[in-house]
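Trainee: Listed here are the chains, written in short residue letters.
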Amino acid sequence: MSEDLIIGIAGAGGDGVVSAGESLITAAALEGYHGIMTKSFGSQIRGGEASCRLRLATRPVLNPNGPLDVAVALNWEDFQRFGWELPVESATIVVYESDTGVAPDRLPLEGVTPAVVFSVPISEMARKHAGTDKAKNIVVIGLLAGWFGIGRESMLAGIRKKFAGKGAAVAEGNARAFQAGLEFAGAHPIKEDRKLAAPEAGGHSKLLTDGNDMCAAAAIFAGCTFFAGYPITPSTEIMQFLDREIWKYGGTVLQAEDEIAGIGAVVGASFAGKKAMTATSGPGMSLKTEMLGLASIAELPLVCVNVQRGGPSTGMPTKAEQSDLFQAAFSAHGDCLRPVLAPTSVGDMFSVTVEAFNLAEYYQTPVIVLSDQEISQRKETVEPIDTSVFRLIERRRPTETELAKYARFKLTESGISPISHPGMAGGNYLAAGIEHNELGRPTASGEMHARMNEKRFRKFDPLKNRRDLFVVEGDPEAPIGLVSWGSVAGVAREALQLAQAEGLHAKLLVPKLLYPVAEPVYQDFFASVRRGLFIEQSFQGQLYRLVRMYVDVPAQVHLLARSGSNPIQPVEVLERLREMVLALQGNHNHRQPDPVAD
Amino acid sequence: MMTTLEPIPAGKYQPGDFKSDLKPIWCPGCGDFGVLTAITRALAAIGRPPHEIAFVSGIGCSSRIPGYTNAYGFNTVHGRALPIAQGIKLANPGLLVLVASGDGDGFSIGGGHVAHVVRRNIALTYIVMDNQIYGLTKGQLSPTSRRGRKTVTSNFGSLEDPVNPLLYVMGYGASFVAQGSPADMGGLARIIEEGIRFPGFAFINIQSPCMTYGEEEQQIKAQKAMMQSLEALGHDPANRALATERAGEYGTRLYTGILYRNPKPPPTYGQGVAERHVALRKQAVPRHEILNRFMPEN
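First to last, the sequence lines map onto chains A and B. Heads up: the first sequence begins at 7 in this note's numbering, then just goes up one per residue. Heads up: the second sequence begins at 1336 in this note's numbering, then just goes up one per residue.
Simulated from the structure, these hints should not be mistaken for lab results. Here the structure is a predicted model, which means the values were calculated and not measured. Every residue, glycine too, gets a C-beta built ideally from N, C-alpha and C. Relax, there's no trap hidden among the hints.
If you want the footprint, here are the derived chain B segments under chain A, 3+ residues with CB under 8 Å:
hint	segment
1	1385-1397
2	1403-1416
3	1425-1435
4	1444-1458
5	1608-1617
Over the 10 Å line for every Cβ pair with chain B, so calculated as not near, a few chain A residues:
hint	residue
6	Gln86
7	Gly107
8	Val108
9	Glu178
10	Pro323
11	Asp467
Given the sequences, and given the hints that come with them, work out the whole structure.
Mentor: And the structure:
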């Protein structure tokens, strides 16, 4: 039995490829498996080609990538269009539509001859049992359920429910198509060791969602009652979820006329005292930066989510990249600091979004959440989250005494000044993008500007010691340290597990707070290792370079970085780990370099 | 801390109650002084307490005005007062929201937002101080400068026709469109008050002369000579066709008063929001149970 199963399905748009993947991962989640599903489309709005990748395992799935255990091609032209996204190896079980007329020993797969190939009359079975080609995807899930033993009962119940509205005949037809898939699999068995093992003992039902919906749900939990934004791939689902939900909580979603108006309305709602959020991606983030500066100087809380995609400019809207970190850290002109947080998975998105609201409210600042296309749109099983452990922070309001002599931007010891809002008697003040004194009055005084700048930086000092926003995994004594963030941290985690299985000693630092750079955390980490490697999905390796602005990173800390849409694979990281181990062994007689030259 | 919506007895506030103690940076004789006075008179007549008023502006000479008003002020960035003001109004519909802008802030850099606040009909009062010039940056061409106008950025004369703010806003479908001038202080205060009382988005264009960079025919003296009161003309503000025709005369005639007041204004955005809140409230699960949405179901 296998502990880990990767399925890739491709076909024409309208073949129901993604819907098939969703049925499978839903059934798996109900049974207690862990899983991640990603989908990919051609650039057409409708039609064109569609594919999904599904990775199911008995242990937590850290990363959706890897060569396919099963490849399903509803037609070969569309399958081939996905190239590296659906890598077939000789061990891959290939299942394809007989209608394609391709002989099993003449598959159009360059340089690969899969050992197990099934040519299945998928559309013929669909027509025969359900009376329509549309049931092809139902046959496919029947085949996969049959071979790998996933969710037969729940999928059958799901099919009956899904088609119930279309009449008993349609529902039963689809149920028969599913059954036919099961029977075909039964008649053409695969080897026992290829089947997926049962979920780990006590495997319980998981939550199942994607990063965008998780982000939106976390915002509701955090008490957000205002969202304004502009549709942009791949972040739009955040607005769509909130539009379905936020009104029920007395909140409002405004689809703004442009990205600037979107964050502008959020700045206004925050000034009016509400927890507010916007979400965008690449080009939209570029447009929003002036407003981020305004919110920083007016010290107004807000959360701005940037679902990163390939850039610059329009770039690659449907592909993940980690290339907006510099922009997040240095967004808007002037001397300024805005906290930047990044989730590493769909599950992580919940706590990171709640933390973003808490930091925004506490420090009266915009907070940027750097998601990425992969986290935002992949479906992932998530362990149930105990929301009772989260504390929600509200902005510091002025007391009656403070209102008697109210100074909105009072230079306090912490740098945090009590904030009023319209409607609060005695709290009147002028908020402004222009530099101001403690009362909020415009000033051109260099001395006041210096003091206000210092206040606006000083208030963040405690943030750099938030070690709970960093995770260190692996062997704490290991001489080799990896650093990775965002969705790529999952790749690094998987590589770490592979390394441990080989007996290599390594550890991994995953920052969820990317900016301000927490100098003590990195200094301690690099002081404890002799070799290091940043792993990032961007051409420049932006975290590596950002950290080096603030921390004297030892010379033996290197970078594995690559542009988006070419995912870094765990085995590549493993290869680098092996090289580092060898280098250390070859080096043990030499004097060790001082790990931190601080 | 709550926003009260109870009517305030008339005469409770004086215009002076709405003046802040900041000294304006405007040039002596600037039309904006008159606009400030008219706004404070209108606010006194309305009678809402200063802390229930949000006064939002962008950047420019005119956009300094919230600082000189006793209210919650927000002097934001260039061209973006309208989106910010809409966020404020939607977040707290009980507030009285005023927006101040100029011809450059409102119809050049921020011009794209006007159509959208109009079609949403968000109940705020948009006051544009139109002086046909960029004053704060010292005399460059503005979107309402006339063709042929010579400025430091149009040394050989402007090659562009001006924007017609009245016609634009009429064209977008606004339900309240008025024009005033500090040359008629009483009339100006009245139309601002009417605009604030109007149940929906209200636009008031004010011919507020720039003493320093403005042309002779834009100054108070010239305005007094050419001003035509719409009321005196017997203009019917419910007549949209006539209002549109007279809006078209912007730049050639100076009408003051209420050009158009929709007798049957569409519902405001806020009304729609309030109704939706009532309709959907019962469907809310407790916030801490929101993740139950993600329980799988085949």
